[in-house]
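Asker: The listed protein sequences derive, respectively, from chains A and B.
Residue numbering for the first sequence follows this note's numbering, starting at 6 and increasing by one per position.
Residue numbering for the second sequence follows this note's numbering, starting at 6 and increasing by one per position.
Since the hints were made in silico from the structure, they are not lab data.
Be careful, since some hints might not be right.
Pairs involving identical chains hold if they fit within one copy or between any two copies, as the list cannot separate such chains.
Claimed, not checked - No more than 30 Å apart at the CA atoms, straight line, and that leaves these computed lysine-lysine pairs for DSSO-like: (1) 225 - 213; (2) 67 - 126; (3) 126 - 314; (4) 67 - 39.
Predicted, not measured: the structure shown is a model, and the values here were computed from it.
Protein chains: 2
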Amino acid sequence: MRNTPGTAWKMALAFSAVAAMAANPEPPGQKVAKYVFLFIGDGMAMPQISSAEVFSRAMSSKDIEIKRLGFTQFPVAGLTTTYDAGSFITDSASAGTALATGNKTLNGVINMDTSKTHTFKLITEYAHERGLKVGIVTTVSIDHATPASFYAKTPSRGNYYDISVQLGRSGVEYFGGGGFLQPRGKNNDQPDAIHLAQQAGYTFVNDKAAFLALKPGSGKILAVNHTLQDSASMPYEIDRSPDDLRLADYTRKGIELLSGNRKGFFMMVEGGKIDWACHANDAASSIRDTLAFDEAVHEAVAFAGRHPKDTLIVVTGDHECGGMTLGFAGTQYSTFFTRIAPQKMSFQRFNDEVVEPYKKATARDKARIGDLLPALRDAFGIDFAALSPGQKTQLEQAFRHTMGDDAAHPDQEGRFLLYGGYEPFTIKVTQLLNQSAGIGWTSYAHTGVPVATFALGVNQGLFAGYYDNTDIFRRLARTMGVASVNP
Amino acid sequence: MRNTPGTAWKMALAFSAVAAMAANPEPPGQKVAKYVFLFIGDGMAMPQISSAEVFSRAMSSKDIEIKRLGFTQFPVAGLTTTYDAGSFITDSASAGTALATGNKTLNGVINMDTSKTHTFKLITEYAHERGLKVGIVTTVSIDHATPASFYAKTPSRGNYYDISVQLGRSGVEYFGGGGFLQPRGKNNDQPDAIHLAQQAGYTFVNDKAAFLALKPGSGKILAVNHTLQDSASMPYEIDRSPDDLRLADYTRKGIELLSGNRKGFFMMVEGGKIDWACHANDAASSIRDTLAFDEAVHEAVAFAGRHPKDTLIVVTGDHECGGMTLGFAGTQYSTFFTRIAPQKMSFQRFNDEVVEPYKKATARDKARIGDLLPALRDAFGIDFAALSPGQKTQLEQAFRHTMGDDAAHPDQEGRFLLYGGYEPFTIKVTQLLNQSAGIGWTSYAHTGVPVATFALGVNQGLFAGYYDNTDIFRRLARTMGVASVNP
Numbered sequence: 006m007r008n009t010p011g012t013a014w015k016m017a018l019a020f021s022a023v024a025a026m027a028a029n030p031e032p033p034g035q036k037v038a039k040y041v042f043l044f045i046g047d048g049m050a051m052p053q054i055s056s057a058e059v060f061s062r063a064m065s066s067k068d069i070e071i072k073r074l075g076f077t078q079f080p081v082a083g084l085t086t087t088y089d090a091g092s093f094i095t096d097s098a099s100a101g102t103a104l105a106t107g108n109k110t111l112n113g114v115i116n117m118d119t120s121k122t123h124t125f126k127l128i129t130e131y132a133h134e135r136g137l138k139v140g141i142v143t144t145v146s147i148d149h150a151t152p153a154s155f156y157a158k159t160p161s162r163g164n165y166y167d168i169s170v171q172l173g174r175s176g177v178e179y180f181g182g183g184g185f186l187q188p189r190g191k192n193n194d195q196p197d198a199i200h201l202a203q204q205a206g207y208t209f210v211n212d213k214a215a216f217l218a219l220k221p222g223s224g225k226i227l228a229v230n231h232t233l234q235d236s237a238s239m240p241y242e243i244d245r246s247p248d249d250l251r252l253a254d255y256t257r258k259g260i261e262l263l264s265g266n267r268k269g270f271f272m273m274v275e276g277g278k279i280d281w282a283c284h285a286n287d288a289a290s291s292i293r294d295t296l297a298f299d300e301a302v303h304e305a306v307a308f309a310g311r312h313p314k315d316t317l318i319v320v321t322g323d324h325e326c327g328g329m330t331l332g333f334a335g336t337q338y339s340t341f342f343t344r345i346a347p348q349k350m351s352f353q354r355f356n357d358e359v360v361e362p363y364k365k366a367t368a369r370d371k372a373r374i375g376d377l378l379p380a381l382r383d384a385f386g387i388d389f390a391a392l393s394p395g396q397k398t399q400l401e402q403a404f405r406h407t408m409g410d411d412a413a414h415p416d417q418e419g420r421f422l423l424y425g426g427y428e429p430f431t432i433k434v435t436q437l438l439n440q441s442a443g444i445g446w447t448s449y450a451h452t453g454v455p456v457a458t459f460a461l462g463v464n465q466g467l468f469a470g471y472y473d474n475t476d477i478f479r480r481l482a483r484t485m486g487v488a489s490v491n492p
Numbered sequence: 006m007r008n009t010p011g012t013a014w015k016m017a018l019a020f021s022a023v024a025a026m027a028a029n030p031e032p033p034g035q036k037v038a039k040y041v042f043l044f045i046g047d048g049m050a051m052p053q054i055s056s057a058e059v060f061s062r063a064m065s066s067k068d069i070e071i072k073r074l075g076f077t078q079f080p081v082a083g084l085t086t087t088y089d090a091g092s093f094i095t096d097s098a099s100a101g102t103a104l105a106t107g108n109k110t111l112n113g114v115i116n117m118d119t120s121k122t123h124t125f126k127l128i129t130e131y132a133h134e135r136g137l138k139v140g141i142v143t144t145v146s147i148d149h150a151t152p153a154s155f156y157a158k159t160p161s162r163g164n165y166y167d168i169s170v171q172l173g174r175s176g177v178e179y180f181g182g183g184g185f186l187q188p189r190g191k192n193n194d195q196p197d198a199i200h201l202a203q204q205a206g207y208t209f210v211n212d213k214a215a216f217l218a219l220k221p222g223s224g225k226i227l228a229v230n231h232t233l234q235d236s237a238s239m240p241y242e243i244d245r246s247p248d249d250l251r252l253a254d255y256t257r258k259g260i261e262l263l264s265g266n267r268k269g270f271f272m273m274v275e276g277g278k279i280d281w282a283c284h285a286n287d288a289a290s291s292i293r294d295t296l297a298f299d300e301a302v303h304e305a306v307a308f309a310g311r312h313p314k315d316t317l318i319v320v321t322g323d324h325e326c327g328g329m330t331l332g333f334a335g336t337q338y339s340t341f342f343t344r345i346a347p348q349k350m351s352f353q354r355f356n357d358e359v360v361e362p363y364k365k366a367t368a369r370d371k372a373r374i375g376d377l378l379p380a381l382r383d384a385f386g387i388d389f390a391a392l393s394p395g396q397k398t399q400l401e402q403a404f405r406h407t408m409g410d411d412a413a414h415p416d417q418e419g420r421f422l423l424y425g426g427y428e429p430f431t432i433k434v435t436q437l438l439n440q441s442a443g444i445g446w447t448s449y450a451h452t453g454v455p456v457a458t459f460a461l462g463v464n465q466g467l468f469a470g471y472y473d474n475t476d477i478f479r480r481l482a483r484t485m486g487v488a489s490v491n492p
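Isolated chain A (complex conformation) (with noise of 0.2 Å):
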């Protein structure tokens, strides 16, 4: 007699005496709390936040153990499933939706069911409706799809003037980080979305001394770092020049400039370049993005230590990137996390400032993959004399593969297992070193498995257990004293 597990667990868990305490961990929630704080890690699961937690003792002590993020040290963790309507895989415009709506809907969609004919109503827009002022800050373009699920709803992430003129439209009290990818349309040839932001009452900031000296009372703010790098977001933490302003001092500022309000707020913060590091693979830069959010959320808990009784934290991520795992074949039972300490710059940095200038620069008969030791020394700790046979080998293919070299290449399923998108030299750096550190990596995109999720003040006895992203929506729509239309 074999029983099929869903049933018998079913009856087990409906039926018996065990269901009462099966129920709920913790009474129901009933509080509401005046501040709100949604972190975001882009791409951020477990094995992202593990990495960050090995690589701080790794770097401090020989002693095995970890050294716990700031928010992972919350009283309350939970694990939640990241699928979307249409693929255990999801990305970050229906991973954002879900969280912003409590709907699933299909990759790339943002805030429209799977037909892209219905919208849905977002938190931000029921915060509004209560009172609440809303802030939305995000090392990415303000535009991409993760903050855009907070403000606006289109059937393409991809839409990005669209997205731009309604974040005008928002209402959307202070916006904070990165820029614009078409401020003026695709064709760069529609109404400057900054100039209809700022018709509709914005005042744009992108200068450090005019942002510092922001206060309250300034009005609709819409503040974009001095400093952008690749696609209008801001530089990789690894990347970033000291004096330049981090994902913390947008957090704190949206603090200050919204905890005046006598209702209250609610904040999105993101850690967007977690996820555009682990696409290419690069675990240094994956790391110390994830430490500077990790200090970003420590701005809210310094302010939750003001207000213990009316501050709720939530810090999730919206889905894992890249396969990472804590362990490679090669390196079997260890890790030697120190060897990616010396990474200086993240791959984009290498790839702009070493790779693209050689390419353009160097004949491909006249190209030796020597001229670019000294700089992969420099960038990485990378001895190319100390590599292995079969490592130099691939460094050496993946070099003739940037430098165009069609005799080399594989065909074009090969040549996607190899690189994803990325130039072949660039990425295949990033995943050397991350090997000989016992870094795996098994995609260039998004997986599958469930997030981890840490909650800290009123209500935080929610954010147990094991469930859904929408169910983070349910629950902070309930912390917030707004009666959700969603389902």
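Given the structure of chain A, go ahead and fit chain B onto it with the hints provided.
Answerer: Only chain B this time, still in chain A's reference frame:
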């Protein structure tokens, strides 16, 4: 001004008003449970759990959703770090030591300190002192690291004979599942450990009818499954004959035999071959064993339904294995889990029944991959002709390596990265099938990502949050009402 996150966090958490909230999400568990179950999925972390949940749903519906396992529906979920005293990546010996004694030790060491001179006191010894009976159940050999951690102390997990001698002296009331690796020692010249156990009062049973006929009052039981597969283990679930006993049967019998004890019992049940399947990157076998493990947990849930005020069930993994990811570079944002559904046998059985016999019977110059393709289709549903050119090349190369074609050998490092210690053709089959389903792997060993822990019953709230595997011992000990001398 930039804070070191560590220090800043410590201050914020220790001195702010938040500290009170952060201290403990629930009142401390003061209750004592009479019946305590610890289920360990060996090699089972979130990827293993989640792949089983995605697979179960994908088999029954085209809707994107997951079908939750029974134990993941427990009211409490936590996250658990697994690093040991010498590595961020534990093995089952040091992980078993952490769970059974609350102490960190080195890979390979069972219940002794890192100097291998001092022994630790086991949770099962505490249980015996308090008058509880003890059951130990596993799908792998009963002298394997995880089960051994609950009754033996030895500097090396490889001391199988020493372990099986200790088994006979342990006083554990019920052993069930796999057999012995070296019952007469390494050189087959020692007194039979099974006889020693019998002399110490154990009834040895390895017949299905006799097993099913066991009744309370039969005395101490050593029950070894009639059918054993590789390394004296029970067969993989995917290879099990319908008539053969399941892990759930051994669990239910343990409950039947031990539950009459007035003071209660402690039972450890291990799904040991989830790990073995993942070492070999065989997702279908891992998933089927995870579902069978869930069925075993269900036996405990049914028991808890009859004793809800006296029972605690904890389900955890001892570590991740294989660097499994729910996504793969080649399939990007899609998964195709139904592609592993046609798999009819484990990599192990395919290797034992198809590859090894062919290898032995066939001269290298007569070997043709075509000879194995019908078996490949039968066992895995793989149509070689439908593979991509790159996949064909990989499989053909692996076939040549399996047949000992030295010219086709990459260097040692390259060979290990490709196949680990496995038969090249066999492991390449599961890898390619998994990749086509959208499942990636980075290792043939364990990895260091934290595992998930689920709890139901008395003091379940103690298992919420993010904590270390040594904390599981402490929380179990507390729930069993034992004062521990271990730190």
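Asker: Output the indices of the hints that this structure fails to meet, ascending.
Answerer: Going through the list in order, the structure violates hint 4 alone and respects the others.
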